[in-house]
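Engineer: Sequence:
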Amino acid sequence: MDIKTELEKRILIIDGAMGTMIQRYKLAEEDYRGERFKDWPSDLKGNNDLLSLTQPHIVKEIHKLYLDAGADIIETNTFNSQKVSLADYGMQALAYEMNLAAAEIAKEAVREFKAPSNSPNGGKPNRTNQTAEHSEFYADADPSTYKVLKEFVSHHRKQSTEAENILWNFIRGDKLNGYSFRRQHIIGNFIADFICLAKKLIIEVDGLHHQLPDNKLNDDDRTLWLNSKGYTVIRFTNNEVLSDTENTLLKIEQKLDTLPFADKKNFSRDFPPLGEQKGAGPWVAGAFGPLNKTLSLSPDVNNPGFRALTFDDAVDAYYEQTKGLVDGGVDLLLVETIFDTLNAKAAIFAIKKYFRDTKKSTLPIMISGTITDASGRTLSGQTLEAFYTSVMHAKPLSIGLNCALGAKEMRPHIEELSQLASCYVSAYPNAGLPNAMGEYDEQPEDTAHFLEDWAKEGFVNIVGGCCGTTPDHIQHIAKQVKKISPRKLPETTKELAI
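The working numbering numbers the first residue of the sequence shown as 937 and each following residue consecutively.
One or more of the hints may lead you astray.
As the list claims (entries may be wrong) - Computed list of lysine to aspartate or glutamate pairs in EDC-like fashion (alpha-carbon distance at most 16 Å, straight line): (1) Lys-981 <-> Asp-967; (2) Lys-981 <-> Asp-1024; (3) Lys-1418 <-> Asp-1389; (4) Lys-981 <-> Glu-965; (5) Lys-996 <-> Glu-944; (6) Lys-1418 <-> Asp-1004; (7) Lys-1295 <-> Asp-1263; (8) Lys-996 <-> Glu-1040; (9) Lys-1424 <-> Glu-944; (10) Lys-1187 <-> Glu-1140; (11) Lys-1281 <-> Asp-1236; (12) Lys-1419 <-> Glu-944; (13) Lys-1043 <-> Asp-1263; (14) Lys-1019 <-> Asp-1248; (15) Lys-1229 <-> Asp-1263; (16) Lys-1418 <-> Glu-944; (17) Lys-1344 <-> Asp-1382.
Unchecked claim - Pairwise CB distance ranges, derived in the manner of DEER restraints: (18) Pro-1240 <-> Pro-1196: 51 to 59 Å; (19) Lys-1296 <-> Leu-1425: 22 to 30 Å; (20) Asp-1156 <-> Gln-1355: 58 to 66 Å.
In short, the hints are calculated from the structure, not lab data. Bear in mind the structure is a predicted one, so any value in this text is a computation, not a measurement. Ideal placement from N, C-alpha and C gives every residue a C-beta, glycine not left out.
Throw the hints in and build the complete structure from the sequences for me.
Structural biologist: Next up, the structure:
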């Protein structure tokens, strides 16, 4: 099914951060190098795009986590995969290969996700199956029990103990070595105090009543059942957490380091899994980042006329990237995180030139800019309306905003864009603003609440997440906007815009 047809029917979900998820694997220098680049002369740790060549299974696993969370569009791991940015690592010659590999990995993830063996109902669509969670993930919990447990969770969070609140403050928002935890998570007939889904680790913080014989027996039975489902349980008393929080955290970290990453099919959920709709997507978007050099600004404050890059250099880099992504089979092309519109124009020019030169069927282009602060302007100084006007010659499938801002801060700009745009509107904000440590604290439920508001106001057609967001965020967003109608395209008249 054509993506435009699907966009007329519902709000589509784009995936979340790739870098945030890669950080959770705690990869060392040798992991980035692999066997092929073990003798490379420069450091390679942090070159996430290289993982498409050295650790492709990790990249594919992350794609599949987002697909399983409900993403309709996944982005290739190619944000910096062009010769300009790769020059930092001396890897310019690998640009085409990286894009080709990344596209093929993403397409393979989609094929595996859509395969009948991946679905509990033989590959049939299950987005509307409201009891799927009980048949697939909660075999021992009927829907009525689940509803009661959800109500209890809401009450319990308001009545949390001091020990629970202290521990939560230290582990929330990926604070514990980048691992994401959820609080009061329902599994079967039980509620876990805290859970790290990536490692299937449950943390229980118990009061004195748990030491009573009957209660201890119940806890033991519960632990046995959870173990049978592949979960590891560690317990602390309230006093342990309060008197020695540092040691408690150390024990959790040590346990996390010893556990393997969980298979995504075994993740439990607190709402139904969001599988594919028959004949519709998911789609792979080839991601073009903004380059690490800008065409509009000088890197030397003493020489404002100097540019570290020419327009032709940028076009050449983006042209090669386009070829790799198209050869790898992507469905869409996404020019994102645009802080300098001239760089984006180079990408658009390169894409158009590639299709003219090759006479291949063109692919839809998505464009996403970045408003850097409360001024409402891009880093190169354009207003949102000026940015929109500057790129609409590309006739994009969608135009939107991503990165730099959290959903709360991005709202007025998305509202303005929705009033300007004659095409579909996308929005994938960060998980709030970074804290003093550069970490993102906004919980999935909070991000989803903001994007639900945008959807209800009729601002958006495509939503997802950027820095700090995870499959949990995407899953919550998908659930919250699932039943909300998409923004309708306005009737437009041709007007000259300068």
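Engineer: With the threshold set at 16 Å, check whether the alpha-carbon distance from Lys-1295 to Asp-1263 stays at or below it.
Structural biologist: Satisfied, since the Cα-Cα distance of roughly 13 Å is no more than 16 Å.
Engineer: Is it true that the CA of Lys-1419 sits at most 16 Å from the CA of Glu-944?
Structural biologist: Status holds; Cα separation ~13 Å.
Engineer: Taken at face value, is the distance from the CA of Asp-967 to the CA of Lys-981 at most 16 Å?
Structural biologist: holds (8 Å)
Engineer: Between Lys-1019 and Asp-1248, does the CA-CA distance stay at or below 16 Å?
Structural biologist: OK: Lys-1019 and Asp-1248 at ~13 Å, within 16 Å.
Engineer: Using the C-beta atoms of Pro-1240 and Pro-1196, is the stated range 51 to 59 Å upheld?
Structural biologist: holds (53 Å)
Engineer: Against the 16 Å threshold, does the CA-CA distance of Lys-981 and Glu-965 hold or violate the hint?
Structural biologist: holds (5 Å)
Engineer: Does Asp-1024 sit within 16 Å of Lys-981, going by the straight-line distance between their CA atoms?
Structural biologist: OK: Lys-981 and Asp-1024 at ~12 Å, within 16 Å.
Engineer: Sort out whether Asp-1263 lies within 16 Å of Lys-1229, counting only the CA atoms.
Structural biologist: violated (26 Å)
Engineer: Checking one constraint from the list: CA of Lys-996 to CA of Glu-1040, max 16 Å. Satisfied?
Structural biologist: With Cα atoms ~10 Å apart, Lys-996 and Glu-1040 stay inside 16 Å; holds.
Engineer: For the pair supplied as a hint, Lys-1418 and Glu-944, confirm whether the alpha-carbon distance does not exceed 16 Å.
Structural biologist: holds (14 Å)
Engineer: Lys-1418 and Asp-1389 were given as a pair; does the straight-line alpha-carbon distance stay at or below 16 Å?
Structural biologist: This hinted pair holds, its Cα atoms lying about 13 Å apart.
Engineer: Take the C-alpha atoms of Lys-1418 and Asp-1004, compute the straight-line distance between them, and say whether it is at most 16 Å.
Structural biologist: Holds: Lys-1418 and Asp-1004 sit about 15 Å apart, inside 16 Å.
Checked against the numbered hints above, the structure violates hints 5, 11, 15; every other hint is satisfied.
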